[in-house]
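Trainee: Chain by chain, the residues:
There are 4 protein chains.
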Amino acid sequence: MRTSWQERFADTSDVLISEQRRSTVIPVLDLAIGGNDFVTIAGPCAVENEFQLMATAQRVRRAGARVLRGGAFKPRSSPYSFQGLGRDGLRILARARKETGLAIVTEVMSECDVPLVAEYADILQIGSRSMENYSLLEAAARSGRPILLKRGLVATIADLLRSAQFVLQNGNTNVILCERGIRTFDTTLRNTFDAAGIALLKQITHLPVIADPSHASGHRELIAALARIGLAAGADGLIVEVHPDPDNAMSDGEQSLDFAAFDAMMAGLEPWLALRNKCLDGVISGALQVMEAVG
Amino acid sequence: MRTSWQERFADTSDVLISEQRRSTVIPVLDLAIGGNDFVTIAGPCAVENEFQLMATAQRVRRAGARVLRGGAFKPRSSPYSFQGLGRDGLRILARARKETGLAIVTEVMSECDVPLVAEYADILQIGSRSMENYSLLEAAARSGRPILLKRGLVATIADLLRSAQFVLQNGNTNVILCERGIRTFDTTLRNTFDAAGIALLKQITHLPVIADPSHASGHRELIAALARIGLAAGADGLIVEVHPDPDNAMSDGEQSLDFAAFDAMMAGLEPWLALRNKCLDGVISGALQVMEAVG
Amino acid sequence: MRTSWQERFADTSDVLISEQRRSTVIPVLDLAIGGNDFVTIAGPCAVENEFQLMATAQRVRRAGARVLRGGAFKPRSSPYSFQGLGRDGLRILARARKETGLAIVTEVMSECDVPLVAEYADILQIGSRSMENYSLLEAAARSGRPILLKRGLVATIADLLRSAQFVLQNGNTNVILCERGIRTFDTTLRNTFDAAGIALLKQITHLPVIADPSHASGHRELIAALARIGLAAGADGLIVEVHPDPDNAMSDGEQSLDFAAFDAMMAGLEPWLALRNKCLDGVISGALQVMEAVG
Amino acid sequence: MRTSWQERFADTSDVLISEQRRSTVIPVLDLAIGGNDFVTIAGPCAVENEFQLMATAQRVRRAGARVLRGGAFKPRSSPYSFQGLGRDGLRILARARKETGLAIVTEVMSECDVPLVAEYADILQIGSRSMENYSLLEAAARSGRPILLKRGLVATIADLLRSAQFVLQNGNTNVILCERGIRTFDTTLRNTFDAAGIALLKQITHLPVIADPSHASGHRELIAALARIGLAAGADGLIVEVHPDPDNAMSDGEQSLDFAAFDAMMAGLEPWLALRNKCLDGVISGALQVMEAVG
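Chains as they are written, first to last, in this note's numbering: chain D, 609 to 903; chain X, 609 to 903; chain Z, 609 to 903; chain U, 609 to 903.
Excised from the complex, chain D in its bound form (with noise of 0.2 Å):
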């Protein structure tokens, strides 16, 4: 990393990469987030029911996601939007979780609500809306679980690295960065995609870093190109909203894909996954290459 850079971001030293740390890997089950593993997490925005649940899940471990989204808290983007099922939501989680095998993330929006969220959850998710709410990062942090921390709307990279370093500071050093979407003067897009933040968080920091093209776009037919750009910027992971029937979701129908898109997406991922890894393996040297050299 440049000097410049180490500079700039002088007050969150504690994520960027170091002498003594060159990336942090994440242990989540049978997983390791941060390390040569992409993981795609898939699901629905939120847990609407069992069945919607138990479907999504069998399907999208069939086609090759690791982890489980699905909200059973949700923050409403308008007051008379659907609130989330709360603690019968997690219990459906645990029950695919229990029968699929994946694990299981899933958003915590208020301190009180951490323990019982940290019960259920393999990893917490903290939202875009709540990125600078420490308080809840501070009991998210305590709490022991993995973090996926959602960039938030306006939220500068610098912004993001201090909400970062606040969860490291407390104790928790398994902090995954997610970037969604920023909001700017063009409204094409549900926001815009920032994927150069990813290829400078990646140059900069040790943390994982993981891309979410369903709220990044906001279209189903975006999908798939942006989990490619997440991918070739040098993300470690997806995170993508599934559902049975998307044009009847309770929440982000839109910005959902169906089962067979979502099988779709995979398999035409896979052969940019193949040279992603060969890249990381060494088998093709200098294909995702961070440039120190020019520095």
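Hint data in this document are derived by calculation from the structure and do not stem from the laboratory.
Some, not all, of what chain U presents toward chain D, calculated at C-beta under 10 Å:
#1 V762
#2 R791
#3 T792
#4 F793
#5 T795
Using N, Cα and C, we set each Cβ at its ideal position, and we do this for glycine too.
Once you've looked at the hints, dock chains X, Z and U against the given chain D.
Mentor: Only chains X, Z and U this time, still in chain D's reference frame:
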């Protein structure tokens, strides 16, 4: 393409994919831009002198570039910056073409200069600051030369399509769109690279789209990553700033690669390019898919 | 109000001006917020100790403030910043009310704290970071206390109205909107003050609107000018940060006025306020006009 | 002015307030722009024909405008929009000046047109899209005419000062800055009016600053409010679009006032203007203060 995009961009329907036109392929010397060729354009920000340009031209050609860039008339980003060599710069570009066989792209900034620049250049570049200069667009369109149309700093996708449509309406269908980063609240990098915008443009328009990792990032150590991202997004090529001695360049040195770094970037891109070509040739199917099925 | 605005904001029609409701006047102690009173809220960013708050309360009251602000629970903008005194801070605020007669506004950040904060505060502040925390909004609405709803950093006018509408739907019509600057590409000042947004909100909603020149500018030497701007835009009041010793404040010192500067601001505002009041009283006509005629 | 601003804008120090220069007053016919006069510039977006311009000129003069605006060469915001009458438009403007005594401001878009436009116009307008066209700025500066420099759509304050500095460096100190709204994520109105930017420019530069409520809002029913806001921010004048029949204007009708609305705006502004003038004349002290004391 989905109906909703067609409706949204109905006033620029000439640039949209239709039954009549799936993709526009632009012949430039022996190249077919927008066809299966992935075209790398490389060269200095500005033509500084004959030695600088010749050395660069030979070296980038050897590394695989097919078009030489270099500004003769420079849009100064500061009042005190270098303005370019003007006609002398054009003559040097012409000699470089003669010697290397590379096609030439250079910016035209004033309506009055169109005939002069069109005499020397194979492709006329319309810069970001000029994207909505309709008098210039009209003159450039009527010159008959292919147009490399750079997206404005705060141009929405609709704004970009409107300018492209205007060129088509003036009788010139050879328009190459160029994504070069947009201005947002996050100033960590010089601009925010809208990779999803590239993917969308490839889904909805029949025009070639290229990516400019130099302006999009503003940092040379990120250029290789952004080139990969652009390729994965579906771009038809790249435009990259290369200089024999970036630290002493008259402009844009911070975002220019030296010869060794450009060689490394091209070598690193090679396996990704091979994969892209296999996808386009149908050897691998589905891996550059547009996912119309789910639309 | 023009039909086009009514259509645009149709999903939040309860907050729009209608035949039934031209303006909402909120009684707080002896004040009538949103009526002809122009209400200045002043006080420190955070309650630091009893001496600091009491000194500030007495001084701002003498200068003409009618409501005392002061954070007991602080939304930390950095993980290492001061978190507030919590319940002790609330007790100090209550003593300041008893001694000065000023009404109290303080932020509530967590659903669980609503009953506690509502016991002490005359007005509950919902901070920018919480504007879309619907669980918190619901709890705050149900407390029965008037709500000071700060616009989020990247909330559109529609987003702000949606949150306000949600409070109304939960049985609480006493909502005060607060413009405090939005995040844009220009970071010369801390935020971009959306004065036109205030004018629009006064044209289309029946709710009181106040301006926050401290957060909007982030620079104390601009606060007097932004206060005038807010008044001219039609705001019903101001919220200003005042501290006995801004250079040693625990938070937001750069945007806090000391006592002398607050006195000067209030004195300088006086003739503008007199003019505003003459307009509202009908002594002068047309000078705060909404221009419906031209709509 | 505080040292920190001086340091921040050190590279454009010629436009900053200094011991030598507190304020630049620009003589135009019998006006003194930037002195105590508050100058209202009014007129149509484009000169459409002689009748339209003459009728407008007479009416806006009667209502108190001192300068007539009207585009002869139009920067088309769309490829299909009206391009202006060119030299014929300039001749009509000259006749209007002769008949009404109003000074003339009109935009020059091309370097080559500077001599022609300077022959007719009292003030040359540099449009938003041209703010960084340094060749045009140089030619305009050398014409000797005062320059009305409109802020670019995404120009920071520093960018605007850089362009102004460049005009000064080319021997022309008669620069009038114009805030006309910037592009942000919130598209409720056409642009976001940066009123605090006006206040800042008045604090740190010695140049006159005017406000453009028409372009800043894009909605005619907000123009009167934005005019008041600009005045309260410390602007030295306004530029407002007025048209005999806005609904049938060839351009910008939505943001143009008809004669009656302009009369009403000017009448409504009158008491605010009287107050401003009392402040500037020292009859009232402190009410337009710059608060250097607290800096």
